[in-house]
Structure formats: structure tokens, C-alpha cells
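Asks: Assemble chain B onto chain A, guided by the hints.
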Amino acid sequence: MSKETSQKRVAIMVGAGYIPGINAVVAGASLAAGQLGWELVGILDGFEGLLHPEKYPNGGIISIDPRVLNLDPNTSSVLGQSARVDPFNVRIVNELEMVEEVDMSDELLKRIKAANIDAVISIVGGLGMSILYQLHKKGLNTVCVPRSIENDIASTSVSFGFNTALTFTIDMLDRARLAAKAAHKIAVVEVQGEVAGWIALQAGIAVAADAVLIPEIPADLQQLATHLKNNMTGKKSWGLVVVAQGAKIINQQKKEEKVSSLKASLSPLATSDSNSEYVIHKSGQAAQAVAEGLQLRIAEETFPMVIGPWVRGGVPSAVDRQLGVAYGAGAIQALEAGSKGVMVAFVPPDVKFVPLAEAINKVRTIPAESMFFQVADSLGIYFGNKEA
Amino acid sequence: MTDQTKNILEITGTVLNIQRYCSHDGPGIRTNVFIKGCSLRCKWCGNPESIGMKPEVSYDPKKCKGKECSICLKKPFPEGGFYFVEGDDSKIKVNWQLAKGITEKITSLCPTGALEMFGKTMTVAEVMAEVEKDASFYRSTGGGLTISGGEVMLQPDFAAALLQEAHNRGINTAIETACNAPWSFLEKVLPHVDTMLHDLKLMNSERHKKWTGVGNERILANFKKAYETFPNVEFIARTPLIPGVNADDEHVMGVLEFIKPYKNVIDYELLPYHRFGLGKYESLGVIYELDDYKTPSDEVVNRFQAMIDEAFGRTEQRSV
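Heads up: the sequence lines are chains A and B, in that order. Going by the numbering used here, the letters in the first sequence line up with residues 1 to 388, in that order. Going by the numbering used here, the letters in the second sequence line up with residues 1 to 320, in that order.
No lab work stands behind these hints, which were simulated from the structure alone. Since we're looking at a predicted model, the values are computed, not measured. Here a beta-carbon is modelled for each residue, glycine too, at the ideal position from N, C-alpha and C. One thing to keep in mind: the hints can contain errors.
Stated by the list, open to error - In silico lysine-lysine, DSS-like type, Cα no more than 25 Å apart, as pairs:
#1 A/K110 - A/K137
#2 A/K138 - B/K100
#3 A/K362 - B/K67
#4 A/K362 - B/K93
#5 B/K75 - A/K362
Claimed, not checked - Computed Cβ-Cβ distance ranges for the label pairs, DEER-style:
#6 B/R207 - A/A83: 14 to 20 Å
#7 A/E358 - B/K75: 18 to 24 Å
#8 A/R175 - B/R20: 54 to 60 Å
#9 A/E369 - B/K105: 38 to 44 Å
#10 B/G113 - A/G234: 52 to 58 Å
#11 A/K229 - B/W96: 39 to 45 Å
#12 A/Q35 - B/G113: 52 to 58 Å
#13 A/G338 - B/W183: 55 to 61 Å
The following block holds chain B by itself, in its conformation from the complex:
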């Protein structure tokens, strides 16, 4: 092992979860590594546990033993962070205002796992050990490693090291990103990417700002620069499709228009909105801002899919 390889293996990042046998984020059977930290605040976000940069505490009342345990009512747990409501069921309640920020060490004292941390620090070597478990699947299906988030570009050194090491071991690489980061961050990561799945959430900047927290000028500029600078990377555009937000002809046609000049953008995928993350918002004490939004109908999705198929010259229509 050279010194350089050794250094790459020792680089650390904050990993939320590693999910095996995935099939939607790049070719073949893949292992998805979700890393923490996001630079957008999409109101529909289905992964609220991935937003914060640091590991954070979560609470699952189903695992709580309640009064018979009560360990979180005593030190070193924060005063007032946990409590019982008189006359209510026997589960602990969390005062998220006072409980936020408790450390992994304190959380680990919860004997039932009702309190646990979302996210942990891992080295590239540790992550790769997990990823390599399915190496035979990657070989037989053309799959590999996908880094997702959060936002991959917020941990550029870690992501670049992971992807580089995967390539060193002959594993295909993909990332899932919204690219709201300085170009200097992207420049570190993209040389090690085979497929980049990227979100085009809203083409109108003002509306992008309303729904995600920032305008889209830099994001679109980053995409264009990436298409042009890395011609060998396969790009797949994506839209989380939400009625009342972006499920309209104007958006879908805007995306098709945007990617049309670039032959290395090989597909445009629609991800119909589902209220995936609702339970997780509760376990983090976070308010879900997109309360009343519905899943788009099959009819709407299939109509947009037909527009995409036509733009890509596909004769056989796919349904989502």
C-alpha cells in the first residue's frame, strides 16, 4: 500500500447510512452511501435526517421503556430535555429545544435504542469495507457505489476519496447531487465519477428560492460547466415531481430545453413525490413544511414521461 493510498483510506466523513441492493441510483445493483449535510432546504425533503452536517439525536417512542427506565431524566442528559406528561402514556417526551445537541456518548446510554444518533464518522476504509461486500453483484450487473445525501458536494474531500478508492478497486461510481456548492468543490469530486444523477428541481429561480431557500443561478451554471468539463461522465437529470410546485409542462419542457445541447446527458428521470419522510420528521422534532401536498397522478406522470421519451427519441413509451 502506497502512502497516498493509505492517506485516502484514512480520510473521514459523516455518514448517515449505507444501503445495499439499491437499483435506482445508477446502473445495476448498487450500494448507496448516504452522507450528511445539505445546502438546500427543500420543503418536500424526504430525508430530514440528512440535512444537518453533524450527527444528531433522534427518538423512536416505540422503543422507549418509559417510567421503568427513566435514565434520560438524569444527568448527564440535559436538564429539561426529556420529560413525562402526567396522565399520558408511559413514553418519554422530548423537548427538542433543550435536547438538541446532545452527544453520541450520552445518547448511547439509552439502553433500548429509543434515542440514537443519525450519522457517524467513518473512514474511507470503513465505508469501502461495506461497499466491497457486494462486489460480485457489481461485476454481474454493472453496478457499483453511489454516494447520495444530503449533498455529496458538502464533503468534497471525503466524497472524492471514496469515489477514487472505488475506482482503484474497479468499482463503478455514481453520485446523486443538487450541485449547490462552489465549483471548486465539484472540481474535486467529478473526476472520479462515472454517472452523475442531478436534480433540476425548479427552473424558475424565484420559485427555486421559495421552495429550496436559494436561487438556481449557480446550480444551473455548475451543471453546464460540469457537462462541458467532463464529457465522459454520464449525466442523468432528475426532478422530484410535486403537484403545485413543479409538476407542470413549463418545468419539464424547461429541463428538456436546458439539457438538449449536451449529448452526455443521457436521460431525464421523474421522481413522483411521496410523503416518504413524515415519520422521520417526528423522530427529529422537526416540522414538516409540505403538509398537504399530494402524490402526482399516474396520468400526469405518464404524460410528462411521454414528453421526455419523445425528446430522447425513444419510440417505446415507458411508464413511471
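Here chain A stands alone, though its shape is the one from the complex:
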């Protein structure tokens, strides 16, 4: 790889979904770019700033200079936020006033070229990375910074955003424990984690929860009920169960829904959508289902709580501030080294540049041999059906 020393114009953008402290990444990239004499610009609201510049009074691209802009890592992103960032699937209203989705990827690449942008740093999650991989295959010079509250992006040890979410979750679980203690009930708290249970398990260990239910290991509600019953004998009259949003539950009765004639009439491929083992996907439903299921199996009262989107607000943790700045600077280093189509990865003690083709289609779940399981086990935390 040859070093890229000529002056460059680099753009930086943020994918969908808010994470505290994005400015730390922007600041890191800006400072590192400044050291090389490169110009850094920001694309507003995902790729919206380039695809629909007419929406913005001063165009959709802003100049980024840490001496001028407020890049305080505690403040929200100067780059704005977009709900959708997929240029291959842009929803528009066409000339016949009909809604449709169109592929604007070629147009986006043209506009990047017209704006004299040599490379794009993309702060994205797993889905965003697949989009950037597609753009890379079409010729975009891009470097991705992994950001994930769940820490589910493979090839890096820690994604930007995870530590802040973990810190906040632990704080909330401490409060839930106090509430449970005061009410002599079992708090069932749902935390982030659709496919990976890192937050649930690590936070559950930190607060010494009674149980942690995660997507990696199916949990048996009957076993959980027995475990809580055993824990709640004697002086302890309360319980704390941490449930990841995507926790797998077994032995949970699910009502078999018949396909009604109305449904069959209105819906082309009507089904009852049910099976015996299921994953709870939607925010708020996991805690509800577990709390209800437990209460039916144990003579104790349960109450569900959901941390949900609260975790996306606030200020970044100390770790994420450092990590964000380092990731931003790492992205500039990758470009300087001539890397294209890569993700900056933190593999202690190194920063590595992983090809996007290797970074996508992998999920960083908790491996069965993880030390965290051993710790949880030694603390007497129930974390799933060990026989499953």
C-alpha cells in the first residue's frame, strides 16, 4: 500500500440511528486530516445532503474545521441525522405523484465526484456497512467507522457507542434494583440487544442480577422461575432479571392464531405467523413477555421496564470519547495508507483496517467459551437453558 500524501478533500457522513458522541469521531478525523493538510467536509443527514441539496439553505455539504465548528464531543452530531441512508433504495414521489423507491447510487457517485470529494468516511452500523460495501464495489473510496450500541459488529473488539450504552444501562439497572427492593417484586428490565447479548450480560454481571436472558442462549421460563424462587427464599424478597430485546425464549405458550376470513380476504399471503420457539423482536415486548410468563409460574409479582431509546441520548462515556477520536483519526490513517473499502477496527493494542467484504455478514455474538459466561456462572446468575 502506497502512502497518499497529496492534498485531499475527504467527506464524512453518519448513518441512520443516533449514538451519543458522534462529534468525537468527526473531531478525530478533522484533527488528523488537518495534520496532513487535507480538507474535511461533512455531508448532512446521511447522504441526504448530496442527494437532496435543495433542502439545505447553504447546500448539503458543510466545511469542518475544529477551530471554527463546535466539535465538543459532548454535543450532538454536527452532521445531523437521517432515518434512511440507502442510496440504492431512495423513496421519492414521482412525476405521476406516486410513491416509489429508486436507485440513486449512480447519481450519488456522480455528485461525490462533482464535489471533488476523494474519499468518504462513513460512521455506520452493520446495515450501513453493507450499503457502503456496495458503493465501494461501484467505485467509491470509503473507510467505515463501526458504530453499534449492541457491539455486534465483527472484526473489531469494540464498536463506537457500546461503552456509553453499557454505562447508562448499568446506571438504570442499579435504579431498577432499588425499585424492586423497595417494592418486594421482581424487576424485569429490557435492554438493547437484538442479536447480541453483550449489554445484557456485561451489565447484568455489573449489577449482580439474578438472571440475564440473551439472544445467544435460549432461556427456559420454568428454569428461570425455579432459579428466582430459590434466590428469593430467606432475606431476599426481590429479584432483578435483565432481558435483551432479542432474547430467545422456550417453553412459552403462544396463542395459536387462526387465519380469519377477513385476514384471508385482505391479505394476499395470509398466515398465522406463529411457531413454538420464537424471538421477540420489538422494543418493549421482551420484558412484557418475560414478566407475564414468570408471574404465571411463580408466586411473586413482576414488573416490566424498558430502557429502550433512553440509551441513545446523553453524553458519551470517557471510553467512547477516546475511542471516537481514535476511530476518526484511524479513518484518516487508513486513507493516508491508501486503504480503500475498509473498516477501521480496534484490535487491542492495534488499530487495523479490515476489508469491508470481510467485515459484513458477520455478527459479533458472545461466544460459548466467553469469560463473561464463566463469571456469570460463578456469581450464580441464570443465563439460559444450559441443556439447550
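Replies: Here is chain B on its own, set in the frame of chain A:
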């Protein structure tokens, strides 16, 4: 067979599904033909597989044989479109970003049917062959063919040909539409319709735009013009009733006010919202935007139904 009839029979369209023995979309026992393509993006949509104009791939993990098969990891399947997650169950995962757009031919290589296409090209003759299977039911119940969607008006030539051919064979016709299309499209279809079920989703244009993607000015203008231009068609207004979106007095009264002057609008039906399409969103890799919305209570629905019954001068109250 005249040349004209032959031509009608050869017209093709993209059909999602044909459902027999339906009883909610027009009189009697009916066969519903769902066609693909919609010009709205209602956030509550229960038929996400009907939105796109073209056939599209879907994935049912329950049918996947997993690692022992692995055919979709090789060419001609798109690179990176399908993958396994280490330590997870044995099912294939789909990277919808990279798998979207694969062809019917490639999809058909999946031996278990876990991958299949939603939608296929059919001729009028092929569809009518299915529809005619229940001709005796239509005769005995006053039923017939209903074209639903998606949006019927997005395939106006195909829909018009199907309806015309049904009439040629003495079969009653109905369509289910939201009418977000140019009038020139409607003009082709409506002459062949006996009953038009049409959605009045939101009477406030700004809110209509928020929830469906476009304002309702053209839609309402189309409805009015249809009522006036086709006095012999029976129109039935409908509202998918969703708490927090349109389950309020203002909307129901607004619809009643809108249809009141037109005697050929014979009824106004409420369709209480259910999370019908949730599983289908997953099989298409699409995010369901109306995550936390609930089904309206019986009390609310029955109250609105009483308002409708009163407006239509019905003394015996119906419950939904």
C-alpha cells in the same frame, strides 16, 4: 374467438396471489386476485409483499435446510447475499442489501422453497382459468372476481382486461383501490367494474401525507369524479381504522360528510387494524414502521359503526 378477445386474453400483469372463497371484498363468495405494485406507502400496510411493482425474493427460515444445503452461498447467487452466523442456529441469514434483485430463475434453485418469489407474470387467460373454478359459487351467491393489491390502478390495462373478460363470462366484478393514480388510469378500469371498494384513509391531507407518503387531494378528486362519471357502479367506502392515526370522530364524520351527496356510495366499512403483515415484513427484509400500534377496542369500533348506521338510515345496529 374474435381477435379482440384473443388479444385481451394475452395481456399480462404481475400477480401476487389468487385467493379463493373470500367473502369480504364485494358481494357473495369471491375469488380475490392480488396484483403487485402500490403508489402509497401506508405505514400500517399489512401486505408489504404487494408494494413493489416487480416480483421480489422472500425468505422463510423455517424451510431452510441450512449448512447441509448451502446452495445459496455459491454462484449464481449474489456474492455476500446469503451467509451463516458462527455459533448461531443452522439457518441461512440474508443480507437484504446484497440479495435484493435476484431473479426468479436463481431463486428457483433453492431446493426447499425457503427462497421464493412474491409475484409472477400471468396472462388474463391464466388468471381467468383460476377464477372460473368457482363459477358455480358465484352463480349461487352473487359473488365473482375481486381485484385487489397493491393498487389495482397501477396495472390499468391488465386490470381492465381481466374485469372485461370476467364480464364477458357473466362474472360479477369488484376492485379494491385507494385511487392514487392519474384519472386516465381509472378511466380504463372503471367501465368494467360492478363494485368499487375504496379506501378513505385520512381526510386531512397533511396527515395523509405523513402516514401514506402523499397528500389526498388527487385521491379525493378521483373519488368524486368516479361517483359522478359512473353512476351505475356501487361504491363502498372503507377505512383501515388505526388508533392514533385515524380512529377518531373527526375522520369518520369527515368520510360520512364526503360520501353523503352520492347515492351510489352504498356503504362505509371499517377495517379495524391488526398487525397482519408482521411476519411478512421479516421475510422481505423490510422494517415495519408501525411498531407499537394497537388494535382498536370493540367499544371504539362499535361507536363508529353506530354513527355509520345512523348516517345510512339503518335501524338495526351492526357490530364489527
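Asks: Evaluate each hint against the coordinates.
Replies: Outcome of the hint check:
no. : hint                        : verdict
1   : A/K110 - A/K137             : holds, 15 Å
2   : A/K138 - B/K100             : holds, 16 Å
3   : A/K362 - B/K67              : holds, 16 Å
4   : A/K362 - B/K93              : holds, 10 Å
5   : B/K75 - A/K362              : holds, 20 Å
6   : B/R207 - A/A83: 14 to 20 Å  : holds, 18 Å
7   : A/E358 - B/K75: 18 to 24 Å  : holds, 19 Å
8   : A/R175 - B/R20: 54 to 60 Å  : holds, 56 Å
9   : A/E369 - B/K105: 38 to 44 Å : holds, 43 Å
10  : B/G113 - A/G234: 52 to 58 Å : holds, 55 Å
11  : A/K229 - B/W96: 39 to 45 Å  : holds, 43 Å
12  : A/Q35 - B/G113: 52 to 58 Å  : holds, 57 Å
13  : A/G338 - B/W183: 55 to 61 Å : holds, 58 Å
Consistency note: the structure conflicts with none of the earlier hints.
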